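Participant: Each chain is listed here by its residues.
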Amino acid sequence: MIERSPIFDAISYGVMILGLMLVLLPFWITFVAGSQSIQEVTQVPINLWPSSHLLENLQAAWDRADLGPKMLNSFLVASGVTIGKIVLASLSAFAIVFFNFRARMVCFWLIFMTLMLPLEVRIVPTYAIAANALQPLQVLLDVTGISWLIQTLSGVQVSLEWNLLNSYPGMILPLVATATGTFLYRQFFMTIPDELVEASKMDGSGPLRFFWEVLIPLSRTNMLALATIMFVSSWNQYLWPLLITTDRATYGTVVMQLKALIPDPTGLPDWNVTMAGALIIMLPPLLVVAFMQRWFVRGLISKDK
Amino acid sequence: MERRAFYRNGTLPWLLIGPQLLLVLVFFYWPTSQALYWAFTLEQPWGGGNTWVGWDNFAAIFRDSEYWTVVGRSTFYATVTTLLSMAVALTLAVFADRALKGTKLFQSVYVWPYAIAAPAAGVAFRFIFAPESGLIGAINQMWPGIWNPAINGWQALGMVIVCHAWLGIGYNFIFFLAALQMIPRSLSEAGAMDGARPFRRMMDLQLPLIAPTVFFLLIMNLISSFTDSFGLIDTMTEGGPFGSTEVMVYKIYFDGFKGFDYSGAAAQSIVLMLLVIALTIIQFTWVEKRVHYH
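Note that the protein sequences, when read in sequence, are chains A and B.
Quick note, the working numbering runs 1 ahead of the 1-based positions in the first sequence.
Just so it is clear: in the second sequence, position 252 is 239 by the working numbering, and no numbers are missing.
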């Protein structure tokens, strides 16, 4: 504190408390409405104090939206994306930063360019590729005449197909195919001094050993940050899983179920159950962010800047 | 800093980078080029592949006055969302930066909206704004029928914008606070010595110094509010009432997956892609400038 200014301090607290209310209001209302009975939740104006029906509403929402298996799916997809991202990003950043091969910068730009276009703007063609992930290979074979060659030689028609609709790879892989993590790891690897590389070379360790025993332990903070960001963003995905899963019962995620929880305009307005469901669904990423705050804030800032 | 110590190996780097490259090629470059292909071709209704139609698909969407309405609406949506969210986050960050007692608690709560899935916030705000429920809807008791986003398009759009802006507070706050904390303490102290009161220092010292962050966030917010609104709109209004909350992303989804008009949707995707690329390029050229400036 530079000087004493009690009046300005009071104003500061006032603004911060207003801000706190603004940020917390939706959470509070979700919680309060989720704890009320249907009579209480339909009251106008509503009572902004929690009531005693939280557990039964949670139970009702859990059953209605079939949240058990959906939770499992959400966890599988979110951890798949998180782990896949960390592994691929650290490996490719390692190759880009510590190896001097000819196409190094081309590879870097190929990967880096993907930051430009979010999945939402190329959703239609990405959907088409998910319907057959081997289509590029097929086209390649057709164009180069290899499939014609195979067909005339062996009589077998080449038609490759790998359908990713309604599958975990389909929900996970397109989300892994971005540059966020690669960029984050690259930024960190750039700060590793040359001396460290030379010392480890002199000790006779090869590149993989250097990666595993020096870089990975050093980049632990980095990894936690990336894990938090990726877990939250993949848990919260909506449009992509909605498209890629037609079999909602088996492959649906919790976030997709939110819409099913909204009361029908002509039916019973049981918003209390809806809100209890929303509470369950928003909790896991919120907990992750609350606990990992220190790390992920640092990672987020170094990623985007 | 240029690195001097490298590993030399012919195949290993390719093995390391291979999986990522493969994924990027299959799930990024292929679909993006596919979108280009569709945008310039038209699928035959009875099968038989696509025929080249040049700029026809673009001409078709540009001729459509409804498309321009959607573009205009998206621009309005993105601008208001961005300004609202940044203004709130900046205000909070400026005051939370004052290191008063207990600010740590405030700081950690302000980040929370970052963790929330857009559709979850959408459902919560839909309840808050529902005309029949007891929050905003309570004013209908005083003036019956004054608030109903299910009928009134502007109210529906406003409700979605407020929710989107709320979701952005956490992200924006993180960046604003980090930027403010990067300002050397000595500068504020010097300002105080010269007799500048706290409010004065905020306006004339801190705000100009974090201008780069303001610009960075401006672009990031614009991009995300142009592209990332699907989850909100789908849970809150489904584009209604009467299409009054239909924005570009929603129209692409609707034309592509409900209308099966791949060529039209692809042409719209290309337009949106160009918009996002343009915003990114503005940011990059500007970042370049900043590097020289310092």
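Since the hints were derived computationally from the structure, they do not count as laboratory data.
Being a predicted model, the structure only gives us computed values, none of them experimental.
Backbone N, C-alpha and C fix where the C-beta goes; we use that ideal spot for every residue, glycine too.
Incorrect hints may have been included.
[What the hints assert, rightly or not] Sample of chain B residues with no beta-carbon within 10 Å of chain A, all distances over it, derived:
hint, residue
1, Y158
2, I161
3, F229
[Said to hold, decoys possible] Just so you have them, the derived chain B footprint on chain A, three or more residues with Cβ under 8 Å:
hint, segment
4, 29 to 36
5, 142 to 156
6, 262 to 268
Participant: Next step is simple, just say for each hint if it's right about the structure.
Facilitator: Tested hints:
1. Under the 10 Å C-beta cut-off, the non-interface status given to Y158 of chain B relative to chain A is violated; the minimum distance is some 8 Å.
2. Against the 10 Å criterion, I161 of chain B falls within the reach of chain A, whose nearest CB is about 5 Å from its own CB.
3. Remark: the non-interface label on F229 of chain B is consistent with the geometry, its nearest Cβ contact in chain A lying 16 Å away (cut-off 10 Å).
4. For the segment 29 to 36 of chain A, the stated coverage by chain B holds: 3 residues have a C-beta nearer than 8 Å to a C-beta of that chain, and at least 3 were required.
5. Counting residues of the segment 142 to 156 of chain A whose C-beta lies closer than 8 Å to any C-beta of chain B gives 0; at least three are required, and the coverage claim is violated.
6. Coverage of the segment 262 to 268 of chain A by chain B holds in this model, with 3 residues showing a Cβ closer than 8 Å to a Cβ of that chain against a need of three.
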